[in-house]
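Enquirer: Going down the list, the sequences are from chains A and B. So the first sequence is residues 0 to 671, counted in numbering that gives the first Met the number 0. So the second sequence is residues 0 to 74, counted in numbering that gives the first Met the number 0.
Note that these hints are calculated values from the structure, not bench results. Treat the hints with care, as some may be off.
What the hints assert, rightly or not - Ranges between beta-carbon positions, derived for each pair:
(1) A154/A x G49/B: 38 to 48 Å
(2) W25/B x V227/A: 27 to 37 Å
(3) A248/A x G49/B: 26 to 36 Å
(4) P208/A x G49/B: 36 to 46 Å
Cβ atoms here follow ideal geometry from the backbone N, Cα and C, with glycine treated the same way.
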Amino acid sequence: MLLWGGISALGAAGFGALALSRGEMVNAAWLLVAAVCTYAVAYRFYSRFLAARVFGLDERRATPAERFNNGRDFVPTNKWVLYGHHFAAIAGAGPLVGPVLAAQFGFLPGTIWLVIGVVLGGAVQDFTILFCSLRRDGKSLGQMAKEEVNPAAGAMAMLAVLFIMIILLAVLALIVVNALKASPWGLFTIACTIPIALVMGWWMKVWRPGRVGEASVAGAALLLLALVGGGWVATHPTLGPAFTHTGVALTAMMIGYGFVASVLPVWMLLCPRDYLSTFLKITTVLALGVAILVILPPLRMPALTPFATLGEGPVFAGKLFPFAFITIACGAISGFHALVASGTTPKMLAREPDARMIGYGGMLMESFVGVMAMIAACTLDPGVYFAMNTTPAALVQASDVLRHAGFVVPPETMQALAAQMGEQTLIARTGGAPSLAVGMAQIFAGVTSGLGGKALMALWYHFAIMFEALFILTTIDTGTRVGRFMLQEILGHVWPRFRETSWYPSVLVSSALVVAAWGYFLYQGVVDPLGGINSLWPLFGISNQLLAAVALCVGTTILIKLNRARYAWVTLAPLAWLVTVTMTAGWLKVFSTDPRLGFLAHAASLVGSADPNAPRLVFNDRLDAGIAMLFMIIVTLLIVTSLWEWWAVLTRRKPAVTREAPYVESAYAAGD
Amino acid sequence: MSKARMRRETEGGQGRSKAVEGGRGWRHALRRIFGMPDYDAYLEHCRRAGHAPRLTEREYLKEFFESKGKGVRCC
Numbered sequence: 000m001l002l003w004g005g006i007s008a009l010g011a012a013g014f015g016a017l018a019l020s021r022g023e024m025v026n027a028a029w030l031l032v033a034a035v036c037t038y039a040v041a042y043r044f045y046s047r048f049l050a051a052r053v054f055g056l057d058e059r060r061a062t063p064a065e066r067f068n069n070g071r072d073f074v075p076t077n078k079w080v081l082y083g084h085h086f087a088a089i090a091g092a093g094p095l096v097g098p099v100l101a102a103q104f105g106f107l108p109g110t111i112w113l114v115i116g117v118v119l120g121g122a123v124q125d126f127t128i129l130f131c132s133l134r135r136d137g138k139s140l141g142q143m144a145k146e147e148v149n150p151a152a153g154a155m156a157m158l159a160v161l162f163i164m165i166i167l168l169a170v171l172a173l174i175v176v177n178a179l180k181a182s183p184w185g186l187f188t189i190a191c192t193i194p195i196a197l198v199m200g201w202w203m204k205v206w207r208p209g210r211v212g213e214a215s216v217a218g219a220a221l222l223l224l225a226l227v228g229g230g231w232v233a234t235h236p237t238l239g240p241a242f243t244h245t246g247v248a249l250t251a252m253m254i255g256y257g258f259v260a261s262v263l264p265v266w267m268l269l270c271p272r273d274y275l276s277t278f279l280k281i282t283t284v285l286a287l288g289v290a291i292l293v294i295l296p297p298l299r300m301p302a303l304t305p306f307a308t309l310g311e312g313p314v315f316a317g318k319l320f321p322f323a324f325i326t327i328a329c330g331a332i333s334g335f336h337a338l339v340a341s342g343t344t345p346k347m348l349a350r351e352p353d354a355r356m357i358g359y360g361g362m363l364m365e366s367f368v369g370v371m372a373m374i375a376a377c378t379l380d381p382g383v384y385f386a387m388n389t390t391p392a393a394l395v396q397a398s399d400v401l402r403h404a405g406f407v408v409p410p411e412t413m414q415a416l417a418a419q420m421g422e423q424t425l426i427a428r429t430g431g432a433p434s435l436a437v438g439m440a441q442i443f444a445g446v447t448s449g450l451g452g453k454a455l456m457a458l459w460y461h462f463a464i465m466f467e468a469l470f471i472l473t474t475i476d477t478g479t480r481v482g483r484f485m486l487q488e489i490l491g492h493v494w495p496r497f498r499e500t501s502w503y504p505s506v507l508v509s510s511a512l513v514v515a516a517w518g519y520f521l522y523q524g525v526v527d528p529l530g531g532i533n534s535l536w537p538l539f540g541i542s543n544q545l546l547a548a549v550a551l552c553v554g555t556t557i558l559i560k561l562n563r564a565r566y567a568w569v570t571l572a573p574l575a576w577l578v579t580v581t582m583t584a585g586w587l588k589v590f591s592t593d594p595r596l597g598f599l600a601h602a603a604s605l606v607g608s609a610d611p612n613a614p615r616l617v618f619n620d621r622l623d624a625g626i627a628m629l630f631m632i633i634v635t636l637l638i639v640t641s642l643w644e645w646w647a648v649l650t651r652r653k654p655a656v657t658r659e660a661p662y663v664e665s666a667y668a669a670g671d
Numbered sequence: 000m001s002k003a004r005m006r007r008e009t010e011g012g013q014g015r016s017k018a019v020e021g022g023r024g025w026r027h028a029l030r031r032i033f034g035m036p037d038y039d040a041y042l043e044h045c046r047r048a049g050h051a052p053r054l055t056e057r058e059y060l061k062e063f064f065e066s067k068g069k070g071v072r073c074c
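With the rest of the complex left out, here is chain A (with noise of 0.2 Å):
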């Protein structure tokens, strides 16, 4: 006990170095401290409390991947490989991106949230859900939603998934094409990972069948190549005019390469782009984590900027409440996690009791990575930062904030910082990715300096745009694939034939369908004056954060139908805050009177404009508004569909049924 009351001292001194930090520098060393020591002590005794109280896990009990061991899907897996495996499926570019843009409100909000958030929130959904589908034989989530709270709360939740997966392709396309806009160095490097993935497929399934590792070997081998040759081909007279494009032709480019990737076999592309990702996404993150930790760099950003209360930020709009708790979902909670706790991972754990470091501890590891990102982008200089996240548009309106607030650096630093990374111009690179790639690169430089880490800054920079492209176009490929899977299955009600999903006629209109939904909001964003993550992002926020609501009401009807009702608040204080957050966080994306802020009154600003774009601008304004109602009807339903089942479950109105599989008694417990 004294080790652990030293530990979260150590973690409260950790919080109060950063909260009472008035304008002087403060270091990283606190935020890791205050971070690493929050989780420590909410692994050693919440997610415990959690295992051993609430859910019951029994090391005696089987699993689904001992049960159904096919040495296939079902495998029981060592912990630590499983922990990996899991973790290389959760964390994507959300982890990454959110902290960025939630930089603007400083680094106190976004971190106390990513840590806050993940303990109690976050960690606890995803092992909720790993822990129901391993009990209901590995099953989905909309399976249990359809199964436990009734068939109308699967369609919605089947529903909700697809609108969201949309707006995530589009958000994630968006972050890809304001990276690679005019850079012909990043272009160049990504346009190279697609006939490198084609050779790795072409090795791995008919010149050499399973050598998956030589494949990957050879592609990570090529990769690097591209990304030095990037350098050579920005500097070239034909070749770089040749991949320096607008964001609308990096746009077309996006959705015929969805379409293509979602039409192609698996082996071809997706699969190859998975392992070079997987593979450079966990040795990118532990060297981040160990550089992070060499140079320990201070935070330039302060604690809280302007933005925090007034609103007018110009990364993207709205107060820290509720904004800054849906632009940092992944992190510190993720709807889209529950997909993957009741996708793969359930179907490969050995025992129960394991449930507990890959579900609760792979998601404190998600949030470290969010912690990292948040240290990456507070070490630039404010201006900088600002420079490169808002679009002339937006900075005409926060100029007088950002000049009051000392945030402004002269157009000479930022050509000197551009030129430093290769880049032609780094004003106005919104999405988050340019400026954690400035971030990083300053790492790593710093890190690296004995072996001329300045004269490298160019190259660390694309690398960690590659890195941050290559997982999100894993996510596009794969994102758009299950779209098309979804659709077709929901096409296959009208048309039978539709679902079959090696059908080439449905597999082609399907994937156009898809491609064409993302692609249109994608295209929306790229010519949006205030550059498209002012509206998108906070979309996807929305709607991730509504997912999460969705799997804390299955989670939450699953243990009250355990009879384990007075431990129904572990699911139900995250899905009420949740629930809040969203909630007020929609109401004010789609009837907030101010402009900046509101798709309805942005729209009405518009109407009767000289404008020629201001027709369209309305339509997607109100399409916009559209959406986040769906969201937030289609939650809305679900939330009081589960609060009439849990009534009636709680009342004894209906038996408290539940899907569990039966008890099985495992092998490896046998011999005990």
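Start from chain A and add chain B according to the hints.
Expert: Frame of chain A; chain B shown alone:
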């Protein structure tokens, strides 16, 4: 005893030198983390389960990739 048995069954085979077993263990572990196909592990599973492999390596790869295409990667 149960943990030792589990480690044996989830990480690798028996009757080999420690170095070879360790190397195999790492290879299997990395493949599993990255979500790569592992036909050797499938053969090992069939051997332990006491039946002949039902899938050839090509069939195994085909099924593996098809199943992987239905999985999601988070944002």
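Enquirer: All hints, please: hold or fail.
Expert: Verification of the hints:
Against the hinted window of 38 to 48 Å, the Cβ-Cβ separation of A154/A and G49/B comes to about 43 Å, which satisfies the hint. For the hinted restraint 27 to 37 Å between W25/B and V227/A, the CB-CB distance of approximately 29 Å keeps it satisfied. For A248/A and G49/B, the hinted distance range of 26 to 36 Å is not satisfied, since their beta carbons lie about 59 Å from each other. For P208/A and G49/B, the hinted distance range of 36 to 46 Å is not satisfied, since their beta carbons lie about 26 Å from each other.
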